[in-house]
Each structure stands twice: as structure tokens, then as C-alpha cells.
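> The residues making up each chain are set out below.
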Amino acid sequence: MKTGIIFLLFISFLFSQTWFNDFEKATEVAKKEKKLVLVYIYSEHCPYCHQVEEFVFGDEDVENLLKKDFVVVSLNISEEEAERFDPIGTPTFVIYDPFKKKVLAKFFGSLDAETFRSMLIRVCNKSSLRRC
Amino acid sequence: MKTRRDFFKLAGVAAAGIMLGVAPVISPAHAKISLEEALKKHLGVGLSAIKESNQIKIKAPSIAESGANVPIQVSATVPIEKVEALYIFVDKNPNPFIASVMFSPVNGEVFFATRIKMGATSPVRAILKLKDGSYLMAYKEVKVTVGGCG
Chain A
1 MKTGIIFLLF ISFLFSQTWF NDFEKATEVA KKEKKLVLVY IYSEHCPYCH
51 QVEEFVFGDE DVENLLKKDF VVVSLNISEE EAERFDPIGT PTFVIYDPFK
101 KKVLAKFFGS LDAETFRSML IRVCNKSSLR RC
Chain B
1001 MKTRRDFFKL AGVAAAGIML GVAPVISPAH AKISLEEALK KHLGVGLSAI
1051 KESNQIKIKA PSIAESGANV PIQVSATVPI EKVEALYIFV DKNPNPFIAS
1101 VMFSPVNGEV FFATRIKMGA TSPVRAILKL KDGSYLMAYK EVKVTVGGCG
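In the order they appear, the protein sequences are chains A and B.
In this text, residue positions in the first sequence follow our numbering: the first is 1, and each later residue adds one.
In this text, residue positions in the second sequence follow our numbering: the first is 1001, and each later residue adds one.
Read the hints as simulated data drawn from the structure, not as lab findings.
If you're wondering where the values come from, they're calculated on a predicted model, not measured in any experiment.
The beta carbon of each residue, even a glycine, is placed where N, CA and C say it ideally should be.
Warning: the hint list may mix true and false statements.
[Claimed, not checked] As a list, the in silico BS3-like pairs of lysine-lysine whose alpha-carbon atoms are at most 27 Å apart:
| no. | chain 1 | residue 1 | chain 2 | residue 2 |
| --- | --- | --- | --- | --- |
| 1 | B | 1092 | B | 1117 |
| 2 | A | 102 | A | 68 |
| 3 | B | 1117 | B | 1143 |
| 4 | A | 101 | A | 32 |
| 5 | A | 67 | B | 1040 |
| 6 | A | 67 | A | 32 |
| 7 | B | 1092 | A | 68 |
| 8 | A | 32 | A | 100 |
| 9 | A | 68 | B | 1032 |
| 10 | B | 1082 | B | 1143 |
| 11 | B | 1143 | A | 106 |
| 12 | B | 1117 | A | 67 |
| 13 | A | 31 | A | 126 |
| 14 | B | 1040 | B | 1140 |
| 15 | B | 1143 | B | 1131 |
| 16 | A | 67 | B | 1092 |
| 17 | A | 68 | A | 32 |
| 18 | B | 1041 | B | 1051 |
[Unchecked claim] If you want the ones that stay clear, here's a sample from chain B, every Cβ over 10 Å from chain A, calculated:
| no. | residue |
| --- | --- |
| 19 | 1031 |
| 20 | 1053 |
| 21 | 1065 |
| 22 | 1066 |
| 23 | 1082 |
| 24 | 1088 |
| 25 | 1117 |
| 26 | 1139 |
| 27 | 1141 |
| 28 | 1144 |
| 29 | 1146 |
| 30 | 1149 |
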């Protein structure tokens, strides 16, 4: 029984996408794994964030792209850490290159999964990774 | 029915795949399906077998402020004795099936209102399954706007 639970935890760890809520930690991991950082700034009561979480982050193709090329960090807009990206509102997405230490793109508002995915690919291909 | 034993068997296959260096194929819970697939799964028929009818009315906003919460209302003038169930589908959702509602004569009339989630601009379909095995349908295009909270 105990072995089974440990085994299941191991399996779920292998197939889960890790999201961070600490930007510095996410940057370290992204450098190590040669990935970009996607910062998702949200607020709890914004219906557009709920839509994005369900239909954009829940999309199979978006999820696969994020797993492959990004480390995602989600920050509540009320957190001090979110202020450094000067968000206009929520949802705001920031793509950060941890190697060049600069923000590559910032966009605000909900959008559909396909548009979101193509935007990520476009920005990623202009980054130091150039492999999306 | 899947048992705990079945689940452990699947986990065992996954582990064997990892040890052999082969990535196991595990379907994600949110795998996309098309409208046609969803109709066949839930109704057993495709879109071509469903007749459009003006006996069904869908009240929904033409432009929804946010796809996270879209109010819809379905009513029909079909006598309740003839109706078995109502199905609601959203074509462009990753899983187009939204709800099924069973009716009986004690309901008095076909009327159902709820709030649904929509991922993108799409037709919303209300399909009535009649007791004779036929289907009637109405649909309304609902535009989902992009936006954010300031």
C-alpha cells in the first residue's frame, strides 16, 4: 500500500508541470533547464483569469509547449513581486529571458489558446533559446 | 468499472516504459474532442442526424463579456410528454458537451437556465431528445470577447 502511494507520487511528479510562485526560484530553474520564464499575473476575482486558466492553460497544445520550453511562475497582482513587472491589470503575461536577464514581451488580457500559443512561439523564437 | 488493481496495472506499465527509456502515452484529462465525437458519445448520432427546429429557443448574449460565465436559457414549445432529455453543447470548447437534463411530464414544460463556460466564440447548441428517438436542435452564436480586469 505504502509503496503504491510512493510510486503514484513519483509518477505524478514525472508528468506534472511545476508552477512556481517565486520569480527568483523560477529563474534559477529556467537557467538550469535552458528554458524561458513565463510570468502569469492574476487576480482571484477576475473572470478573464478564470477563462485563461481553464481554456488556455488547460489546452493540451499550450500545456505541452509550456512543459517543453517554459518555467511558469504565477503571481497574484496584490503581491509585491508582481509590481516589478508593472502590470496594467489581470491577466498579464510576461516572457522573461533568464540568460539575457530581460523582459522579451508583456501582454495584457485574455485570449484564446491558439493565439496564446502562437504568441509564445513567436517570442520564444526571438529569444536566446530559438528552439520553440 | 476501473478498479484500484487496474490503476496499479496501468501505473506498472508506465513505470516499465520509463525504465526502458520509452515515454508512456498517458492521455491527459483535458484531451480535446470534436463536436461530432461528443455528439456520438452522448447521443449516439452525428450532427447530420439532428433536425433544426424553431420549436426550441435559446436565450443567450450575442456578445458575452467573459467566457468564464455565460448565462443561457433554453425553452421549447414541444409538449413535455414527448420529450426525454435536453443536451447542451458548445462547438469550440475542448470538450463540447456541457450538460444533459432529463425531463418528465411533472416538469410541465421544457425550460432550463444555467451559466456555462466558453473558451472561444462558438455556436451554443440545445438538442432535445424526443421519446420516439428523434432529435431536434437550435443553436445561437455567442461571441466571447477578450478582455481583462483593470
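> Against each hint, give a clear statement of whether it holds in the structure.
Hint check results:
| no. | hint | verdict |
| --- | --- | --- |
| 1 | 1092(B) x 1117(B) | holds, 11 Å |
| 2 | 102(A) x 68(A) | holds, 20 Å |
| 3 | 1117(B) x 1143(B) | holds, 12 Å |
| 4 | 101(A) x 32(A) | holds, 14 Å |
| 5 | 67(A) x 1040(B) | violated, 32 Å |
| 6 | 67(A) x 32(A) | holds, 14 Å |
| 7 | 1092(B) x 68(A) | holds, 25 Å |
| 8 | 32(A) x 100(A) | holds, 14 Å |
| 9 | 68(A) x 1032(B) | holds, 19 Å |
| 10 | 1082(B) x 1143(B) | violated, 33 Å |
| 11 | 1143(B) x 106(A) | holds, 25 Å |
| 12 | 1117(B) x 67(A) | holds, 25 Å |
| 13 | 31(A) x 126(A) | holds, 17 Å |
| 14 | 1040(B) x 1140(B) | holds, 21 Å |
| 15 | 1143(B) x 1131(B) | violated, 33 Å |
| 16 | 67(A) x 1092(B) | holds, 24 Å |
| 17 | 68(A) x 32(A) | holds, 13 Å |
| 18 | 1041(B) x 1051(B) | holds, 18 Å |
| 19 | 1031 | violated, 6 Å |
| 20 | 1053 | holds, 30 Å |
| 21 | 1065 | violated, 8 Å |
| 22 | 1066 | violated, 4 Å |
| 23 | 1082 | holds, 36 Å |
| 24 | 1088 | holds, 17 Å |
| 25 | 1117 | violated, 6 Å |
| 26 | 1139 | holds, 20 Å |
| 27 | 1141 | holds, 15 Å |
| 28 | 1144 | violated, 8 Å |
| 29 | 1146 | violated, 5 Å |
| 30 | 1149 | violated, 4 Å |
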